[in-house]
Amino acid sequence: MNVDPDKNRYYYRSLTRNIVILMITISIIPFILIGGVTLYYYSRSLKANVMAYLEVIVTEHKVHINTFLDEKLANIQTMADTFTAKQLLDDSFLRKKLNILRERYEDFVDLGIVDSSGYQRAYAGPFRLEDARYSDADWFKRAMGENYFVSDVFLGLRGLPHFIIALKKKDPQGNIWIIRSTIDIERFTSLVENITIGKTGHAFILNRNGEFQTKPRFEKGGRFSLADFYPKEGTEKAGVSIVERKQDFGNKVVYAISALKNGEWILICQQDSSDAFSSLYHVRQLVISIAFISFLSVLVVSFFLARAMVGRMKMTDEERIKMGEQVIEAGKLASIGELAAGIAHEVNNPVAIMVEEAGWIGDLLEEEEFQDIDNLKEFQRALAQIKAQGIRCKQITHKLLSFARKTHSQLTDLQLNELIEDVVGLSERTARYSNVKIETELDRNIPLITASPSEIQQVLLNLINNAIDAVGKDGGTIKLSTHMDNGNAVIDVSDSGCGIPEAHLQRIFDPFFTTKPVGKGTGLGLSICYGIIEKIGGTITVKSAPGKGTSFIVRFPIHPLEKKA
Amino acid sequence: MMMANVMLVDDEKPFVETMTKRLSKKGLNVIGVFSGHEALNKLESNRMIDVVILDVKMPGMDGIEALKEIKSRYPLVEVIMLTAHATVESAIDGMRLGAFDYLMKPCEMEQLLSKIEEAKDKKSKHEEKIREAKVKELSSKFD
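As you go down the protein sequences, you meet chains H and X in turn.
For the first sequence, numbering that gives the first Met the number 0 gives the first residue as 0, with consecutive numbering after it.
For the second sequence, numbering that gives the first Met the number 0 gives the first residue as 0, with consecutive numbering after it.
It is possible that part of the hints are untrue.
[Stated by the list, open to error] Chain X is nowhere near these chain H residues, computed Cβ spacing over 10 Å in every case:
id	residue
1	Lys46
2	Ile196
3	Phe211
4	Ile320
5	Glu324
6	Arg431
7	Gly536
8	Arg554
[Unchecked claim] Which residues of chain X face chain H? A partial, calculated answer using Cβ under 8 Å:
id	residue
9	Glu11
10	Leu102
11	Lys119
Derived by calculation from the structure, the hints in this document are not laboratory data.
As the structure is a computational prediction, the values presented were derived from the model and not from experiment.
Idealized CB from N, CA, C, for every residue including glycine.
The task is simple: from the sequences and hints, build the whole structure.
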């Protein structure tokens with residue numbers, strides 16, 4: 000019954016831990032599942048919303064910008080269609096036209112007519128660009144090839160950012176003229192720069208080389224690699240594509256990209272993911288902090304709950320162990336009481352005879368013939384002494400009963416055969432009253448076993464007493480034998496008694512199971528035997544056939560103390 | 000000391016022998032026997048016995064069984080149970096079954112003698128009453 004306290008503490012600690020882990024697992028897993036699934040679908044729909052919004056904005060502005068460019072081109076086209084080259088080559092006429100244009104659209108900075116060799120023949124505008132030569136300018140070459148051309152933004156001869164709209168016009172004489180107009184990019188840029196989404200969303204335009212066509216709100220310098228946004232040729236003219244990319248700083252950025260000006264330019268609207276999906280991040284943060292708080296509270300609650308539960312378990316375990324000890328103690332008392340009663344009877348009879356004999360001598364001494372002998376006083380004193388000591392013996396045997404209190408069960412090496420012979424000696428008299436013969440068949444080669452002699456004695460006495468009861472008054476035999484089996488020392492206590500019905504066999508080791516009438520048996524004997532044998536690592540089993548007898552087989556493990564050391 | 004016919008029953012021979020001698024010396028008429036069966040046989044052949052001193056624990060027929068037999072066959076015979084400590088309870092059972100009293104071994108001679116005297120007294124009074132009743136019955140017949 001004495002369990003190692005360290006082992007016990009470890010057992011309870013691991014039990015607490017397991018309960019805590021189990022409680023956390025079963026309460027957190029559904030929470031994580033629900034939270035995760037909800038968050039996943041929420042984020043998916045939110046992202047779709049944000050992207051749709053970006054798409055709308057980009058599409059809208061794409062239309063604006065395309066309209067702006069088309070409008071400018073249409074203005075120049077109208078002018079070219081309405082007036083002859085001769086009219087336009089007149090500087091004052093051209094200036095008048097520019098003024099008319101500027102009244103409606105401030106974007107037009109100047110107007111110029113360039114001949115097919117790239118020589119500007121007429122000019123109206125704030126700069127002194129008459130006679131400028133554009134034969135090497137890229138826009139000039141492109142405009143000569145195509146019918147019109149809208150250039151990228153460039154610094155040009157004047158060192159100011161602008162772009163040029165150039166239109167080819169043929170006059171009736173077959174001469175080719177290029178009508179060019181510089182467009183102030185300020186208004187154009189503002190079209191793009193006014194796009195703001197959230198805190199970080201802004202837009203800019205790149206040309207095919209990745210050069211900024213508008214001033215981005217956050218100057219990054221360098222070039223954008225268009226390959227980032229247009230992984231495949233040919234997709235440039237598609238509607239709006241949206242990508243999310245990680246930047247060097249680790250923050251994610253959402254880009255909405257659309258082609259402009261027949262794919263020569265692209266409009267990029269970018270926004271930091273954290274900004275675009277701020278509500279998503281907010282919700283995610285909320286969910287995570289709720290999860291964390293509930294995890295903590297589950298942890299705390301389950302820890303205290305588990306501790307309380309395990310504490311309760313420990314208490315009941317301890318109570319059970321204590322009760323088991325009490326049951327053994329009670330049985331010990333019962334059988335010691337029985338033993339003491341036996342001894343009282345055994346001792347009382349001879350003592351009674353001795354006292355009577357002494358009394359008889361005393362009676363005889365009272366006769367006259369002895370009255371004169373010298374040592375009469377001495378004889379009488381001695382007889383009185385014998386009587387007194389006899390009474391003392393009687394008191395001792397009576398005290399034996401009240402003496403049957405706690406006895407220490409000290410483990411020692413003991414020889415089973417000797418013990419059996421002792422116990423048989425004690426029981427022989429009881430057996431004789433019931434006409435029972437006790438036989439022994441002892442294997443002399445049984446090694447020492449480690450056990451408490453008084454406890455094993457108790458077990459054997461119990462088994463023998465049961466056997467005597469089973470045999471009953473009709474007489475019979477009880478056979479005790481020892482032998483070695485499988486490295487165990489085995490004691491077999493068999494009787495030729497009434498046997499045990501099968502229905503009782505399973506319960507005979509249960510405490511308080513008895514077939515004796517109320518008050519005659521406690522039902523503790525066999526359960527105590529069981530407890531004692533179990534404690535030293537042995538087993539006790541029973542075989543019985545009603546009417547034929549019963550045998551109890553007790554197995555003891557062999558591990559003498561000296562071998563352990 | 001009045002004359003009483005006493006039978007002593009115990010399986011311990013030396014005890015019976017010595018006790019017989021001592022009680023005889025006190026003036027009692029004592030027969031010693033060593034088992035319940037023997038006691039019943041002796042009672043059958045010797046109807047003079049007044050008091051039986053009966054050991055509770057004996058092999059074969061024990062004191063309680065012998066007591067039952069004696070009381071059923073010879074209700075007037077008084078029985079004093081003699082017991083070691085362990086069988087006090089059966090001695091009490093015995094008193095319930097009609098034993099006169101019980102004594103614990105080893106017992107004081109004076110105590111034993113006074114119990115025998117009381118038992119003999121009781122028996123004598125009882126017999127007296129029976130005799131008186133018989134006389135009454137007889138005289139009523141002659142009336």
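Verification of the supplied hints:
no., hint, in the structure
1, Lys46, "holds, 94 Å"
2, Ile196, "holds, 104 Å"
3, Phe211, "holds, 118 Å"
4, Ile320, "holds, 33 Å"
5, Glu324, "holds, 27 Å"
6, Arg431, "violated, 6 Å"
7, Gly536, "holds, 35 Å"
8, Arg554, "holds, 33 Å"
9, Glu11, "holds, 5 Å"
10, Leu102, "violated, 11 Å"
11, Lys119, "violated, 20 Å"
Figure legend: structure checked against the earlier numbered hints; hints not met, in rising order: 6, 10, 11.
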